[in-house]
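**Q** Here's the letter readout for the chains.
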Amino acid sequence: MTYNQPEKYCVRVKCNDNIGSGVLIAGETTFYVFTAAHCLGKEKPNIENILIEKQRDYKSEFNDIKVVAIKEWDYEKDFALIEIDFEGEDKLLYQYNLAHRFITDTDVKFCGYQGINNNEYRPFPSKIVTTSDTNHCFKIKLSEGETFQQGGEDGHLLARGLSGSGVFIIRHNTPFLIGILNSVITDNAWNNDINCCSVDHVHDYFDSYIDLSDLNELRSWTENLEKTFTEQEIEAFKKTNSDFFKKLYKKNKVIYPNIENANSNTTRQLKRYLSMLQNIRLLENEAPHLYVKFKEIVAKYVNLVQEDYTRTVTNSNEALTQKQSLQSILKDELDFLPISMDIDFADFQIIEWLGICTLNFTNND
Amino acid sequence: MINIILEEKPTSVSIKYNAYYKLVILLTIINYCGRSNKASLQLIHLIFWSLRDDKNYQVINDLKIGNRNTLIPWSFEFGIEKVLAIGYIEEYIQKKIVNNTLEIEITQRGINVLKSINEYKLLQEEIEKIKDIGKIPKTKLDRANHNWKLI
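Here the protein sequences line up with chains A and B, keeping their order.
Start counting the first sequence at 1; every next residue gets the next number (this note's numbering).
Start counting the second sequence at 366; every next residue gets the next number (this note's numbering).
For the record, the hints were derived by calculation from the structure and aren't laboratory data.
Heads up, none of these hints are tricks.
Residues from chain B that keep clear of chain A, each with C-beta distances beyond 12 Å, as calculated: (1) GLN459; (2) LYS460; (3) LYS486; (4) LYS494; (5) ILE498; (6) GLY499; (7) ILE501; (8) LYS503; (9) LYS505.
Derived DSSO-like pairs: lysine-lysine, alpha-carbon spacing no greater than 30 Å straight-line: (10) LYS323(A) <-> LYS239(A); (11) LYS293(A) <-> LYS381(B); (12) LYS250(A) <-> LYS271(A); (13) LYS374(B) <-> LYS323(A).
Ideal Cβ placement from N, Cα and C applies to all residues, glycine included.
Between the sequences and the hints, there should be enough to build the whole structure, so can you do that?
**A** What follows is the structure, encoded as C-alpha cells:
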C-alpha cells in the first residue's frame, strides 16, 4: 500500500465513452471527486452515466464509488465537483490538505489514468511553471526525463486520460492538493506543459485552505522538518546502542536543559565528529608525526589543566561558558596543525572527551 | 548545581604505534620482500606505506603484478630509525653494503623471531599481506620511482 502519496487519492472517471481521472476530496460532512468537466462529456451528464472507480494500488481491482450528485459543472473553466458516497476509507482522506497560493518552480506530483494504459494509474513528477491567481489556474511542466512526445505520437494522445488528475505539492511528508489537470498545448503538447485549474474554484465547499506561499508558513515547515529530522536521528543513534553516543547525550542534556537543544546539539556534534574523524584518519595516514604530536599535546594539556576546570557551577549557562573556554584555549595549543585540513581539532577533541567521559558534566540537584 | 569534572582517561592507542609491532613487520618485509634476506630502505619504507591503507596496498599490488609501472606519491614510515635501532641492538638485523647502497639484512635470530610469531599465529593478517606482495625486483622499483618530473 502506498503511504500517503497522491496515488491514494486518484480515481478513474468514465462517462458516456469519455474517460479521465479525478481526485478524492473530503468535505466537512461528505466526500467529493474533483475532475475536469470534459472528462464527463460536453453536456452536463446524468449521474447514472458516471462511473467512478478506485484502485488500492496500480495492479489491483477497481472498486466502484457511488455518485450522489453533480455539485459544480463548468465546461468553460473545465472543472466538475461530484458528491460521492464513500464510507469505508474516510480516514484516508483526512491525511491531506487543500492549498491555494503557491510559488512557481515548486515541485508537484500528479497521478492519473493515461489513455494508452488506462487500467493502471501512474504518478508523474512535474514543476509549477506559472500561476494566475485571478483566474484560479496555473501551468505545470513535466519534470526532466518525462515527456508526452514519444514514438512519434502526438503529445495530446499520450496525455489523454490524465485530465482531472489531482496535482499535489508535498511538504513535510504531507500532500497538499492544489488543482487538477485540464489540457496540453495543441496536439503536440508543446514544452510538456499542462494547463491546470486550481481548487480555488470550489472554495465554497471546503474551508481549510492553506496558503503555501506564506513565508511564515514556509519557515515553520522548515523548522518542523528539522525538528522531526533531529528526533528521528536521535532515535536512530539511540538504537545503535553506542556507548559514545550515550555519554555525549547525557552531558548535553545537562548543559542544554531544553531537550530540543540537547537533541540538535548532540546530532550535530556526532555528525561533525564522524566527518572530522575521517579527516583525522587521513592525517594519521599522511602525516603520522603531526598526528602523534596532536595526541601528545592533548594528553599533556588535559593533565595540566584538569584541576583548573574541575569545579561546581550554579547553572547550565556557566557550564557552557566553561566548556567553551576550555575549547578556545585548547584551540590555541593546537594551532601548529595545518589550517588547510579545515578541521577544528579542538572541537573534535572536546566532543571526543565528552564521549569518553574525560570531560564530564553532572547534575548535582 | 552542575559538577564539571575534567580528568585524564586512558585511551586506546593503535598497535601501529607500537615499536615491537613495527619491528615484526620490518623483519617480515625483509624476509619476504627482499632478495636473499636483504632489503633496501626504500623497499622497507614503501611496503610500510602500502600497509597503511587499502588504497596504498592496491597501488603496490598493481605494480607487483604489472598492472601499473609507476607509483603515486608515497611517504616514509614515521619513526623507522628507532625500530631499526632496536633491531640492531637485539641483533635481529644487520647493515650490509651492496653495490654501494645500504641494505638491511635479517639475521638468524631475526628469522627465529618470525618463526615463533608464526607458530603462535600472531599478526597473520599483516604477514599474509606482505607475503602476497612478495619480492619486487629492484629495477622495477627504480623505474617506478623514476617517473617524477619537477615542474
